[in-house]
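> Spelled out from the first residue to the last, the chains are:
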Amino acid sequence: MAHQFPTLSTEQKKELHEIALRIVSPGKGILAADESVGHMGKRLNQIGVENNEENRRQYRQVLFSADDRIESCIGGVIFFHETLYQTADDGTPFVKMIKDKGITVGIKVDKGVVPLAGTNGETTSQGLDGLSERCAQYKKDGADFAKWRCVLKISDSNPSNLAITENANVLARYASICQQHGIVPIIEPEILPDGDHDLKCSQFVTEKVLTAVYKAMFEHHVYLEGTLLKPNMVTPGHSCLTKFTPEEVAMATVTALRRTVPPAVTGITFLSGGQTEEEASVNLNAINNCPLAKPWALTFSFGRALQASALKTWHGQKDNESAATEEFIKRAEINSLASQGKYTGGGDNSGGAAQSNYISLYTY
Amino acid sequence: MTHQYPSLSPEQKQELASIAQRIVAPGKGILAADESTGTMGKRLQKINVENNEENRRCFRDLLFSVDPSISQCVGGVIFFHETLYQKSDKGVLFPQVVKDKGIVVGIKVDKGTAGLNGTDGETTTQGLDGLSERCAQYKKDGADFAKWRCVLKISDGCPSALGIAENANVLARYASICQQNGLVPIVEPEILPDGDHDLQRCQYVTEKVLAAVYKALNDHHVYLEGTLLKPNMVTAGHSCPKKFTPQEVAMATVTALRRTVPAAVPGICFLSGGQSEEEASVHLNAINQVPLHRPWKLTFSYGRALQASALAAWKGQAANKQAAQDAFCTRAKINGLASKGEYKPSGQADQASMQSLYTASYVY
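Residue numbers (the numbering used here), protein chains in the order written: chain A, 374 to 737; chain B, 15 to 378.
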């Protein structure tokens, strides 16, 4: 369909595409450090540290003061609003610290989930009011990409048609607004792993959700090359009794994506959900070794799966800072390898031997 | 489809339905006094009155302090946020003044339009963020209904599929949230009269828009008996060279509504758009005389068409207060009659001779 009313000029499109490419350059992924105040509270609680602004600043400092080893593993960092305006002990703004490492700065812009009446506990996400003005300001303040999370869940009745279309629509509105301001939107339609459904069910639902998401993107005239997708990997529910191998997870994931995500999308940066640091890396590695053609970059946008060890090691104490930073760098380097299918640790075989694990018994 | 997950309890439904019916009780309509600060500024400028808080309060006080018999023709008043917390000259909060007359208090809750990228100047409307909390507060502060306005326009490329779907969806989200908080949502998908299109085109577009609105309301599990619709009448565009009679306007309007608005909706309260006070009354009257079955109340929700004379008479001077109030009451009574099809403007032939004007050559 010829586009009568262009949304973006050629220059705007070029800028968006280049930002997206930079974030997912080979071997790089995203550090999701955008935990809201409440969320950060839960993390700090686990290590017995008080949830106040200073502690949150100290903790992000631990991550951001990683040395230049990080530059080849991290393409982007997602900030929470508060953090975007904080500084290091020596007064350097966090935004500058990150940019000086050649890493792109991103900002979480949604305002959390709200219930959808008449559904079985489903939600949509809010944050569209005044979003255009906020994006313009964030762009001035150093951000080049944004993130918006929607949440869906699997059960007998869910996700409902309403939840799928409502969340797809709100993601498309958000994406459209971001692009007007030179901000690459990361689109996150997370399907929670809670439940006892198996891998096939998760794949089916993921395909349904992603189809709706890209239908909405199309209708809202979103420029796909200037976007990134942040989906869940396709995994069985947490309480599913059957266990699946990383190769089965990889096959289900890549199959679902190949059926739904247009090749024009520059990159897919998986969320880690409830996975452990090691699980997430092993699965990402298997995904990148899956013997099916994969036209987009397949990398990480991890929060907990990059920070869990660092957080534990830090424990809120200044003396532990450099050890904690080391832990973070370690996970970053592992995931960098995983994003290239080159991670050999964790008892995972690479190369030819592993290929046999990708058996196509998997018919769905 | 049986509703597995009820959005409202029977008590909540009953409350909403009874509020809606009170507002559109026979012979009654709505005074739309919810002009935003900017819009009020335009009105006041025309009579050379400064746009400040006191003048806005003063004018609304003039309207709200008329004789209580106003409640025979006014079932509801829509407030703007500022006005909900202002007081009469006697120091009584406006919602209380209005309620004491047996009139239902309403509140405008949208936050204006925002551009839809990739369209020919089309918009959606914002205001969903934190809407649930705002509704709960407004309910405490005396409101029992709310209003949200979406705007569409007719031209070669408009309204587009996106324009229609996006506005229908946002209206449905708003309606769903209102009902959760005991507020009856007035759903307003205004199609502007700007343009040179004829009556048939306006009818076609109105049918398309309303069909989408009711599909969305259904998808979002909105309880129709607890809503009101505020549409445009079906009229030719302002610059259409052909003129149409009130009976033709009425026929086109009622036909469009019969094809799209479920009978469960208790009332349709027309907006006056750019019509003069007299035009708006004459059209409403003709609509209520159309010889087709009309299962909903067909009444008014007028702003300018109820206030224009009052404003012109007032000119910002206390000495003119009585004259302004008389002008307002006159229009209110006329529209009350029009909402029953009983308005006999002087100089117009009586009902019997008008029936013949409803020719059934009107095919579309």
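I should point out that these hints are in silico values taken from the structure, not numbers from a laboratory. Here the structure is a predicted model, which is why all the values come from computation and not from measurement. It cannot be assumed that every hint is accurate.
Derived lysine-lysine pairs resembling DSSO-like cross-links, with alpha carbons at most 30 angstroms apart [said to hold, decoys possible]:
(1) A:K484 to B:K229
(2) A:K386 to B:K60
(3) A:K588 to B:K167
(4) A:K387 to A:K685
(5) A:K484 to B:K125
(6) A:K581 to B:K222
(7) A:K484 to B:K154
(8) A:K588 to B:K229
(9) A:K484 to A:K472
(10) A:K513 to B:K125
(11) A:K588 to B:K125
(12) A:K581 to B:K229
(13) B:K153 to A:K484
(14) B:K229 to A:K526
(15) B:K27 to A:K526
(16) B:K222 to A:K588
(17) A:K474 to A:K685
(18) A:K691 to A:K703
(19) A:K512 to B:K125
(20) B:K329 to B:K60
(21) A:K715 to A:K691
> With reference to the structure, classify each hint as holding or not holding.
Hint by hint, here is what the structure shows:
1. A:K484 to B:K229: holds, 27 angstroms
2. A:K386 to B:K60: Roughly 45 angstroms separates the two Cα atoms, so the pair is violated.
3. A:K588 to B:K167: Cα-Cα ~24 angstroms, so holds.
4. A:K387 to A:K685: The given pair, whose Cα atoms are some 41 angstroms apart, is violated under the 30 angstroms limit.
5. A:K484 to B:K125: Satisfied, since the Cα-Cα distance of roughly 17 angstroms is no more than 30 angstroms.
6. A:K581 to B:K222: With Cα atoms ~27 angstroms apart, K581 (chain A) and K222 (chain B) stay inside 30 angstroms; holds.
7. A:K484 to B:K154: holds, 25 angstroms
8. A:K588 to B:K229: holds, 18 angstroms
9. A:K484 to A:K472: This hinted pair holds, its Cα atoms lying about 25 angstroms apart.
10. A:K513 to B:K125: holds, 25 angstroms
11. A:K588 to B:K125: holds, 27 angstroms
12. A:K581 to B:K229: It holds: about 21 angstroms lies between the C-alpha atoms, which stays within 30 angstroms.
13. B:K153 to A:K484: Answer holds: K153 (chain B) to K484 (chain A) is near 23 angstroms, not above 30 angstroms.
14. B:K229 to A:K526: Cα-Cα ~24 angstroms, so holds.
15. B:K27 to A:K526: Given pair K27 (chain B), K526 (chain A) holds - Cα atoms ~28 angstroms apart, limit 30 angstroms.
16. B:K222 to A:K588: holds, 21 angstroms
17. A:K474 to A:K685: holds, 25 angstroms
18. A:K691 to A:K703: Distance ~20 angstroms between K691 (chain A) and K703 (chain A) Cα, so the pair holds.
19. A:K512 to B:K125: Given that 30 angstroms is the threshold and the Cα spacing comes to 24 angstroms, the pair holds.
20. B:K329 to B:K60: holds, 9 angstroms
21. A:K715 to A:K691: Status violated; Cα separation ~34 angstroms.
Of the hints listed earlier, those the structure fails to meet are numbers 2, 4, 21, in rising order.
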